[in-house]
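2 protein chains.
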Amino acid sequence: MKDKRPLILVSNDDGITSKGIFTLVEAMKTLGEVLVVAPDSPQSGMGHAITVGETLRLEENHIFDGVKAYQCSGTPADCVKIARHFVLKDKRQPDIVVSGINHGSNTSISVLYSGTMSAAIEGAIEGTPAIGFSLCDYAHDADFSHTIEPVIAITKQVLEKGLPKGVALNVNFPPKRNEPLKGIRICRQANAKWVEEFDERYDPNGRRYFWMAGNFVNFDKGEDNDEWAIANNYVSVVPCQFDLTAHSAIPILNEDWDILR
Amino acid sequence: MKDKRPLILVSNDDGITSKGIFTLVEAMKTLGEVLVVAPDSPQSGMGHAITVGETLRLEENHIFDGVKAYQCSGTPADCVKIARHFVLKDKRQPDIVVSGINHGSNTSISVLYSGTMSAAIEGAIEGTPAIGFSLCDYAHDADFSHTIEPVIAITKQVLEKGLPKGVALNVNFPPKRNEPLKGIRICRQANAKWVEEFDERYDPNGRRYFWMAGNFVNFDKGEDNDEWAIANNYVSVVPCQFDLTAHSAIPILNEDWDILR
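Protein sequence lines, in the order shown, are assigned to chains C and L. So the first sequence is numbered by the numbering used here: it starts at 1024 and just counts up by one. So the second sequence is numbered by the numbering used here: it starts at 1024 and just counts up by one.
There's no promise every hint is true.
No copy is singled out in the list; a pair is fine if it fits within one copy or between any two copies.
In the DSS-like style, the derived pairs of lysine-lysine whose C-alpha atoms are separated by at most 25 Å in a straight line are [what the hints assert, rightly or not]:
no. : residue 1 : residue 2
1   : 1244      : 1188
2   : 1188      : 1216
3   : 1042      : 1184
4   : 1114      : 1216
5   : 1112      : 1216
6   : 1114      : 1042
7   : 1052      : 1184
8   : 1112      : 1027
9   : 1244      : 1184
10  : 1184      : 1199
11  : 1179      : 1091
12  : 1188      : 1042
13  : 1205      : 1091
Derived by calculation from the structure, the hints in this document are not laboratory data.
The shape of chain C in the complex, shown without the other chains:
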């Protein structure tokens, strides 16, 4: 396999026509053979959802120049699963899974709600190195130009060195500013959360509905987390795991509880 160009599976959560995935596909073409399987419509906030009890559609798509691509009616996690177990069934499997570039931040607690990262985590579950890329700019026509060089550098590094077992990378880029990026930092997930507000309205039939809006609140004073890195114009790289076990809590519960036997 080492003599071949790497096979790079690209997905995202903003949908196959978004500017972010075009930027990522163009960057990946410099590194290997690219296959795109991405949602046919935006899937933001889908977290690690999969399609259960409903059917999936998959259609070939010709919008990427010289790249085999499919659009899928499912979630980002569905896309990686169908790529691996249908499109590439009995064929060479991807050497890396990359997802994004997301239009909007996936730093801190947002990683939990991130469809972009769920595609990367699916790669990691299968033992394939995987990276989710996000730009901290929600605009549909966001400027991705400053992300291209570090996207290529980080992907190349992961292709060369691999990743620890059970780990996928959550990479976030600061919005394009007037100064160049300061560099790349390995970070932990910042301690922050969203505080929601529900905007109550009435439809033309007089029935109540809501818009959910969130305010991001950062409690973290450290300089080793992703929020600090983005605020200080660094690219943040958080290694993420899919073992959710709070291992340090196991002896505490074993000690505290009196209902175990």
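Keeping the supplied structure of chain C fixed, place chain L upon it in accordance with the hints.
Showing chain L alone in chain C's frame:
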């Protein structure tokens, strides 16, 4: 607050009319004041999805005897958010969040795809003790009778002793067998995964579609994990965290990578 009966927020992912949530509500009524905010339709496999860019509906529901209840058009995570920030806005907040009882297993890697656990994790993010309960039996009319006593015992234990910061419990029950449950075990998430198969079909208009089906594959030989506990007729309790950082990978990447500065 200690002189009052605890306020217990109940949600789930199978929808507000499922047998599992009825069982949970009846159990919780023995422990405190109950408020239900649950999806108005099944949300299985929704992972930690939230509703972004679409509206939400919330309607009062009278199906639970003597219990205030609302059905919401959103995901389990949406339900906990709207409970806290709209239904209970400026009011007393819940002392505990419980979710389930799910019709089907949420052991091992399934925790990632679990709407049941996303409701519990939302509780933990807000600093409220939280538990997701699941029965390893997918039947619509599953027998929950053996879960009631341990559901009450575990919830009571958490109300009394709290939980470590940033932790929610993922509790799974074996299916009802001919022998009584052996006990309750604190476990780690088993090392296992789903291997998908895509069943390709054609609709009456000749357009292709797929059903995704998964086979669960357990690689874990240990006796300290949730799969082992369920197979051996124990209740499994896995403490789960929402900090996804693979902390042990940070020094490895800092050492290995040559693109950092």
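How the hints compare with the structure:
no.: 1; hint: 1244 x 1188; verdict: between (30 Å within a copy, 18 Å between copies)
no.: 2; hint: 1188 x 1216; verdict: between (28 Å within a copy, 14 Å between copies)
no.: 3; hint: 1042 x 1184; verdict: neither (29 Å within a copy, 50 Å between copies)
no.: 4; hint: 1114 x 1216; verdict: between (42 Å within a copy, 20 Å between copies)
no.: 5; hint: 1112 x 1216; verdict: between (40 Å within a copy, 17 Å between copies)
no.: 6; hint: 1114 x 1042; verdict: neither (29 Å within a copy, 43 Å between copies)
no.: 7; hint: 1052 x 1184; verdict: within (20 Å within a copy, 55 Å between copies)
no.: 8; hint: 1112 x 1027; verdict: within (19 Å within a copy, 58 Å between copies)
no.: 9; hint: 1244 x 1184; verdict: neither (32 Å within a copy, 29 Å between copies)
no.: 10; hint: 1184 x 1199; verdict: neither (29 Å within a copy, 48 Å between copies)
no.: 11; hint: 1179 x 1091; verdict: within (21 Å within a copy, 55 Å between copies)
no.: 12; hint: 1188 x 1042; verdict: neither (31 Å within a copy, 39 Å between copies)
no.: 13; hint: 1205 x 1091; verdict: neither (35 Å within a copy, 53 Å between copies)
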